[in-house]
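S.K.: Sequence:
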Amino acid sequence: MSTEEGESRNRFARRGSVLGWTQGLSKRHITQDMSGHGLMQEHQQEYSIVKGDPGILGLAGFALITFCFSVFNVAFPAESPSLLLPSAILFGGLLQLICGLLNFGIHGGTFTATVLSAFGAFWAGQGLMMIPNLAAITDLYEPTTFGKMMGVYNLAWSMTAYWFMFVSSRLQKGTWLLTVTLFMVGTTLLLLCISSFSGVQGCQRAGGVTGIIAAVLAWYKATADMLIEEGEILPTGRWDNTDRIAKRYNVITVFRPIVAKIPSHYRIKTSKKLDPQLSLTNLHI
Numbered sequence: 003m004s005t006e007e008g009e010s011r012n013r014f015a016r017r018g019s020v021l022g023w024t025q026g027l028s029k030r031h032i033t034q035d036m037s038g039h040g041l042m043q044e045h046q047q048e049y050s051i052v053k054g055d056p057g058i059l060g061l062a063g064f065a066l067i068t069f070c071f072s073v074f075n076v077a078f079p080a081e082s083p084s085l086l087l088p089s090a091i092l093f094g095g096l097l098q099l100i101c102g103l104l105n106f107g108i109h110g111g112t113f114t115a116t117v118l119s120a121f122g123a124f125w126a127g128q129g130l131m132m133i134p135n136l137a138a139i140t141d142l143y144e145p146t147t148f149g150k151m152m153g154v155y156n157l158a159w160s161m162t163a164y165w166f167m168f169v170s171s172r173l174q175k176g177t178w179l180l181t182v183t184l185f186m187v188g189t190t191l192l193l194l195c196i197s198s199f200s201g202v203q204g205c206q207r208a209g210g211v212t213g214i215i216a217a218v219l220a221w222y223k224a225t226a227d228m229l230i231e232e233g234e235i236l237p238t239g240r241w242d243n244t245d246r247i248a249k250r251y252n253v254i255t256v257f258r259p260i261v262a263k264i265p266s267h268y269r270i271k272t273s274k275k276l277d278p279q280l281s282l283t284n285l286h287i
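In my numbering, the protein residues as written are 3 to 287.
Think of the hints as simulated: they come from the structure by calculation, not from any bench. This structure is a prediction, so every number in the text was calculated from the model and none was measured. Hints are not guaranteed to be accurate.
16 Å max Cα-Cα, derived EDC-like pairs, lysine to aspartate or glutamate [claimed, not checked]: (1) 53 <-> 231; (2) 53 <-> 232; (3) 175 <-> 227.
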């Protein structure tokens, strides 16, 4: 086999792999063996690889399980939502976690991938606590002690949700819908935290109401993202901070007003012309 034929085989194997697919290749070289002649014929076929958005499925899983748990908190605050165990572990937990991890590799959306992976792990953990053998461990603690533990747990996740909300408001291209949804998620967890510490069912019901709102907003966000592929754009309050962020890191924009206020006799004088590559007008970070 010649060197050229060997390279052709390697290129086909490399581009036909899953890694090549996730990198969004637009061309694939197909090498065929001409039986009986021992010849290699290379064809070039051009096509576009369409990749779906796994974040939509993860968002739908989050919305469904959040809605179900929130309805239980509103209507049946004293009942155990153990019937939601399969959905919590699989659809709201494991599937959402997988969608988040896929988002790292396919779309490169670090923020979306982090949010989905984090809440996928959260709901998987909630489901594990409803498994009878594992749930029996909670009976070893006093009710007040277990309530405090759950309060700290919900408080930590509430802070995480508010952190995601803050980051979403600083994205170059974001939506008010996403920011408000994360705010409602953080508020839901905070109300559940207060309920765990105090034992007041009113806070648990209020957390259920905000959770239902968060679930509906998440469903709407998933619907809007899905319809974009069909050319239909739903209002989500989109913004674009690209220009503002670029100006913020422009050194001239920052220092020009300061330099203009310095009296001329205090400025450094030189008889040599400065190198344009070193002048302030060419400095950007």
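S.K.: Each of the hints needs a verdict: does it hold here or not?
M.R.: Structure-based check of all given hints:
no.	hint	verdict
1	53 <-> 231	holds, 11 Å
2	53 <-> 232	holds, 14 Å
3	175 <-> 227	holds, 14 Å
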